[in-house]
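*Asks:* One-letter residues, chain by chain:
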Amino acid sequence: MKAKVIVMPKRSILDPQGVAVRDAMRHHGLPGAQSARVGKMIELEVGGATEAQLHEIARDLLSNPVVEDYELVIEK
Amino acid sequence: MKAAVIRFPGSNCDQDCHLVLKEFGFATDYVWHKEDSVAGYDLIVLPGGFSYGDYLRCGAIARFSPVMKSVIEQAKRGVLVMGICNGFQILCESGLLPGALIRNRDLHFICEHVRLRVDNTSNPFLSAAQVGQVLNVPIAHGEGSYTADAATLASLNAEGRVLVRYCDINGKTGDATNPNGALENIAGICNATRNVFGLMPHPERACDAHLGSTDGRVFFQSILATLGKAQAA
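Chains as they are written, first to last, in my numbering: chain A, 13 to 88; chain B, 946 to 1178.
These aren't lab readings, by the way, just hints derived from the structure by calculation.
Just to be clear, a hint being listed does not mean it is correct.
Quick look at which bits of chain A chain B covers, simulated, 3 or more residues with Cβ under 8 Å [as the list claims (entries may be wrong)]:
| hint | region |
| --- | --- |
| 1 | 28-38 |
| 2 | 70-81 |
The list that follows gives simulated cross-link-like pairs (lysine-lysine, DSBU-like), each with its CA atoms no further than 35 Å apart [claimed, not checked]:
| hint | chain 1 | residue 1 | chain 2 | residue 2 |
| --- | --- | --- | --- | --- |
| 3 | A | Lys22 | B | Lys1014 |
| 4 | B | Lys1014 | A | Lys14 |
| 5 | B | Lys1014 | A | Lys16 |
| 6 | A | Lys22 | B | Lys979 |
| 7 | B | Lys979 | A | Lys16 |
| 8 | B | Lys1021 | A | Lys52 |
| 9 | B | Lys1014 | A | Lys52 |
| 10 | B | Lys967 | B | Lys1014 |
| 11 | B | Lys967 | B | Lys979 |
| 12 | B | Lys1174 | B | Lys1117 |
| 13 | B | Lys1174 | B | Lys1014 |
| 14 | A | Lys14 | B | Lys979 |
For each residue, glycine too, the CB sits at the ideal point set by N, CA and C.
The shape of chain B in the complex, shown without the other chains (with noise of 0.2 Å):
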């Protein structure tokens, strides 16, 4: 399996992305934002950071990246691509995902672990896991609250593609466990065609029991399994 980290000017969770993939067997690549192609690759993966110094919007400036055209092109080829954090930003901004992520509703920059509840496993990210598993996995962003209008959000919700939604230890949402105003609780959401997956919270930090939790490796698993199917089918 071969797996490709992009790297924006600004990005820094990259190299965690590359050192978790790596453990879970993925052949590894940065590829520089600057190369025009991502060809070849099973997984792109598009890390955390700051892309452009998130000047304009959080990755507004990146989507005009060289390398975008041909994230593009390979994600509407059917290639897995999961944008995490500043990554998600950068697919919406694409148009790769619907929707927008914008200033949390405290203004604040929110750095710690949260409970995701998945609600939905019918995808290549989480098919690992169960349908009400609740996660542990730390956010952190100031600009994470997803938002989209009305016809979007009813189309998400009907073709079941918000994979995860932020919520309290026995998986409940609401006000009380949103930690940044996002619309519904929404942490995750896919494509139509369910190979894109962006995300707010950082399951590459959530790998490693030293790290406070391991329950990211469940969209690692998820992965790796369906890569493996897709292969020996």
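Pulled out of the complex, with its shape left as it was, chain A reads as follows (with noise of 0.2 Å):
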């Protein structure tokens, strides 16, 4: 099965780098530059996994509940 697991700082948690970023763009001629917010996404392959047992390894490795939220998307 392959799989997709985007990971993002919460909403409430202040994110330097998406500020960072954001800050470069308007540098960069954008002045409308709003806001950016950085993440990751983690491409996974896996063989013999529920969708379940993804959504654990989602939430119990891959973020930090605490600070971040994922998605997952199965691709196949």
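Starting from the two chains in their separate frames, assemble the complex, guided by the hints.
*Replies:* Written out as structure tokens, the structure is:
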């Protein structure tokens, strides 16, 4: 099974990388840049796993629920 | 007194911790992260460094090391556990301490001496200090900004579990004396049973006058005093 896990900092958490990217966009001639948020995407290839197991991995290992949200996209 | 310093691949403050603990009279062992038991120690130290290259998140992979199961067991039995810098991150990732440590506010890796105000001494790690005492201890981290949800923060404050905060030389906390953007200048916290302590600053690097400060010694003096009392009782 192929899957993608998208991990993003929670909205309530300050994302200093996102702020730096937004500021750089402004310096690059996009004064209207309002916000950027930096997360990560993890591509997985896993044999013999259930969707529930992948959610468990995404929640317990790939993201830290204290500061991040994840989205699991199963491709096939 | 017996102390264990856990070594993960990428730990780099393990020798400093070992040296200081030995100086304080602890029979100190290194314990490799693949060991499955860390039983029989009075104190377990998770040292600073970059365990597993900080891959994924700081401390995220170390948390699943074989030895961490045993560290968690020992912590639940009341053994003293101290996590310094990366060790603090591992304690948060493993759920022994609440909250998380995220990227510094200004994105920089900060390596400098800071001032810490002791906010609580009713714990094994600062029992020999005074409330309000200001300590000169270095920090060295890129991801040390402590964060937690409002309910966690409220209980940390209500239960006196914030042990040290970043401050100025007079003990005043605020944005100007907050090196990394940590919530309410939090530099170190303990768990509800007060035997697990994590902090971003490095007390082991402030135990020798040649290194610019000996203010870190009070942490180890406190631990020794606490364990000595427990043994005498």
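*Asks:* Quick one, are Lys1014/B and Lys52/A close enough, alpha carbons at most 35 Å?
*Replies:* 28 Å, holds
*Asks:* Quick one, are Lys1014/B and Lys16/A close enough, alpha carbons at most 35 Å?
*Replies:* The given pair, whose Cα atoms are some 29 Å apart, holds under the 35 Å limit.
*Asks:* Regarding the pair Lys979/B and Lys16/A, is the alpha-carbon distance no greater than 35 Å?
*Replies:* 30 Å, holds
*Asks:* Taking only the CA atoms, is the gap from Lys22/A to Lys979/B under or equal to 35 Å?
*Replies:* Within the cut-off at roughly 33 Å; holds.
*Asks:* Checking one constraint from the list: CA of Lys1174/B to CA of Lys1014/B, max 35 Å. Satisfied?
*Replies:* 28 Å, holds
*Asks:* Is it true that the CA of Lys1021/B sits at most 35 Å from the CA of Lys52/A?
*Replies:* 34 Å, holds
*Asks:* Checking one constraint from the list: CA of Lys967/B to CA of Lys979/B, max 35 Å. Satisfied?
*Replies:* 23 Å, holds
*Asks:* Hint check: Lys14/A vs Lys979/B, CA-CA at most 35 Å. Holds or violated?
*Replies:* Within the cut-off at roughly 30 Å; holds.
*Asks:* Against chain B, does the region 70-81 of chain A show at least 3 residues with beta-carbon separation below 8 Å?
*Replies:* holds (count 5)
*Asks:* For the region 28-38 of chain A, count the residues whose Cβ lies under 8 Å from any Cβ of chain B; is that count three or more?
*Replies:* holds (count 3)
*Asks:* Is it true that the CA of Lys967/B sits at most 35 Å from the CA of Lys1014/B?
*Replies:* 26 Å, holds
*Asks:* Need the status of pair Lys1014/B, Lys14/A: alpha-carbon distance at most 35 Å?
*Replies:* 30 Å, holds
Taken one by one, the earlier hints all hold for this structure without exception.
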